[in-house]
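> Chains as they are written, first to last, in my numbering: chain A, 314 to 497; chain B, 1230 to 1455; chain C, 7 to 208.
Don't read these hints as lab results, they were simulated from the structure.
Backbone N, C-alpha and C fix where the C-beta goes; we use that ideal spot for every residue, glycine too.
Treat the hints loosely; a few may be bogus.
Said to hold, decoys possible - Going by beta-carbon spacing under 8 Å, a handful of chain A positions derived as facing chain C: (1) 316; (2) 324; (3) 327; (4) 329; (5) 377; (6) 395; (7) 427; (8) 428; (9) 429; (10) 430; (11) 433; (12) 460; (13) 486; (14) 488; (15) 491; (16) 493.
Claimed, not checked - Some chain A residues near chain C, calculated using beta-carbon distances under 8 Å: (17) 318; (18) 323; (19) 325; (20) 331; (21) 359; (22) 379; (23) 382; (24) 391; (25) 400; (26) 490.
Residue strings, one per chain:
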Amino acid sequence: MTNDTTRDIVLIALFAAIMAVLGVFPPITLPLIGVPITAQSLGVMLAGGILGARRGALSMVLFLVLVAVGLPLLSGGRGGFAVFLGPSGGFLVGWIVAAFVVGLTIERLWPRLGHVNAFIACVFGGIIVLYAIGIPWIAFAAEISIAQAFVGSMPFVPGDLIKAVIASAVIVTVARSYPVITSP
Amino acid sequence: MIRLDGVTVRKGDTLILDSVSLELTERRIGIIGPNGSGKSTFARLLNGLEKPTTGTVHVDGAPTDRVSALGKVGFVFQNPDNQIVMPLVDEDLAFGLRKSGLSKSEIGERVQRHLERFDLTHLNERRTHELSGGEKQLIALIGVLVMEPAIIVLDEPTTLLDLRNRRILVSLLDRLDQTLIVVSHDLELMAPMDRLIWIDEGRIRGDGNAGDIVRGYREATAAEPC
Amino acid sequence: MLTSDYVPGDSVVHRARPLIKVGLLFLVCTWLFVREGWLSLAAAGLVLVAFFAIARIPPKIVVAAIRPALWVLGLVFVAQLFLADWRFAGFVVLRFAVMILAASLLTLTTRTSDLVEAIERALGRILPARSAEAISLALSLCMRFIPRVRDIFEEVKNAQRARGLGTSWRALVTPTIVRALKSADEIARAIVARSPDGPHVR
Ligand SMILES: Nc1ncnc2c1ncn2[C@@H]1O[C@H](COP(=O)(O)OP(=O)(O)O)[C@@H](O)[C@H]1O
Ligand SMILES: [Mg+2]
């Protein structure tokens, strides 16, 4: 294990832990489809935006493995294999890709990183890509059409946009004071 | 024995240590100096965790940039929260031994032996994050001792301790047979050292017996404008 | 916070190898979609009930396992009621319930540590030793970090309060993350310093 690999492992474990801590904040469940709005989707954007694509995605994998083996780390104290098989399962698995895409976008924008850029990266990876994975799963598992699942998911967009604002501000500040991603 | 020859450390444009040459042969060596003077950087050079920009560090004749000194020189970090890496005390104490080739039961015995030596067996199965600050510092130290290094470097081991825990740590250090290199502001802790090295702005400002160096350091600190 | 809902026991279900349970769960869930119909659902449901009985899981715990999902399942039911009919709505919801309960059975009868160990062993067989080691280190480190990050967060929150600053999300999250990152770098150093027998390349 090289020293750099050790550091990567530590950072991946750290952001999986940050996800768990964000899960302590109670979720707000909006009516209709019932995917809870949680502070944890903020953690997805932060993981990608601060660690970059590869490490961000791996921190989500690690977190989801711990959830899958039964630890109640999802907001509201949920955990276990069952959560992947519920209607919001697609969103959980989508976190991996979302963190990757946020990270990839931030890495590309790195030399010109600002609030607007970072916000776009968070919206693109953390909302558009995430929904593109979560919605088809709801549609498939609940036997509704994609359009219906799409409409049902819209109530979550305002909350997620607020989270993208917070995440992008944090990502930019951290990039200036304690950068982890190195420019390509 | 550790030897530094013309060691300079730079980070970007900042000169952190400036051509330091020393031979460390005494059994108890103290390092003092104001904050930011380069003490931690100096300490990390001694086990090869930090590599000199120029110059060389030899541990028992082997250069640290080519031969790992980590087995010979144990390192106790300032904040035990950053040194304890496992969720349970016994797992953490076994951490450094996991690739030593010892069997699981041999590792367990070694850990147990060290806990017994310092009357800490009651901590064995505790969760590390539930330990008190003093207990954490002791566990961090024992995690190094189980590796049985010949030399132990401690970076400000008493700064986070209250008086009682400080006393426990000091008496524990007194009982060790290893060569100790202690970085500290704790002048009381430094008084019984065989040799003191005073670092200021990356240079050696004083080097000698504890009495002289502590006096010089006190006077210089008192003379500084506030 | 860090304990699962494991129900101690000595049944066949408890003793079955963890990865076999995971495999069966995967098969059942796939089958429920491939052979979509009341018959396969009823069969899966019966087998599940039998397993719960064999494992002697108290009914109270079964209810607790499904309760967090009830609200969502109710919504799905109502949605399907409008889209299709009550029979299909019932089918979709029951299928969710069976899948969720099957997954809960795995959690209720398998210790987290056994499952983690089984995963590590399986990965050890398919991955090079170093990657498997890295994964098991990451798992332990994460468990170590959860209370640490919580402490850092609390310290930051108290410090902001003491300074009379508001506790906006941004004001809390940024310093927590910066401090956690600094701590992480020191921990990475400590891991290197404490692993004299690991190969170190710079
Ligand atoms: N990675 C780094 N990049 C730039 N400067 C650094 C770095 N690490 C330490 N320094 C600076 O080097 C100086 C010495 O640091 P350190 O060895 O930690 O001092 P001490 O332990 O005596 O307080 C400090 O001024 C510190 O700010
Ligand atoms: Mg220091």
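> Indicate, hint by hint, whether the structure satisfies it.
Status of each hint after checking the structure:
| no. | hint | result |
| --- | --- | --- |
| 1 | 316 | holds, 5 Å |
| 2 | 324 | holds, 6 Å |
| 3 | 327 | holds, 5 Å |
| 4 | 329 | holds, 5 Å |
| 5 | 377 | violated, 12 Å |
| 6 | 395 | holds, 4 Å |
| 7 | 427 | violated, 16 Å |
| 8 | 428 | violated, 12 Å |
| 9 | 429 | violated, 16 Å |
| 10 | 430 | violated, 17 Å |
| 11 | 433 | violated, 18 Å |
| 12 | 460 | violated, 11 Å |
| 13 | 486 | holds, 5 Å |
| 14 | 488 | violated, 11 Å |
| 15 | 491 | holds, 5 Å |
| 16 | 493 | holds, 7 Å |
| 17 | 318 | holds, 7 Å |
| 18 | 323 | holds, 4 Å |
| 19 | 325 | holds, 6 Å |
| 20 | 331 | holds, 6 Å |
| 21 | 359 | holds, 7 Å |
| 22 | 379 | holds, 6 Å |
| 23 | 382 | holds, 4 Å |
| 24 | 391 | holds, 6 Å |
| 25 | 400 | holds, 6 Å |
| 26 | 490 | holds, 6 Å |
In summary, the structure is inconsistent with hints 5, 7, 8, 9, 10, 11, 12 and 14 from the numbered list given earlier, while agreeing with the others.
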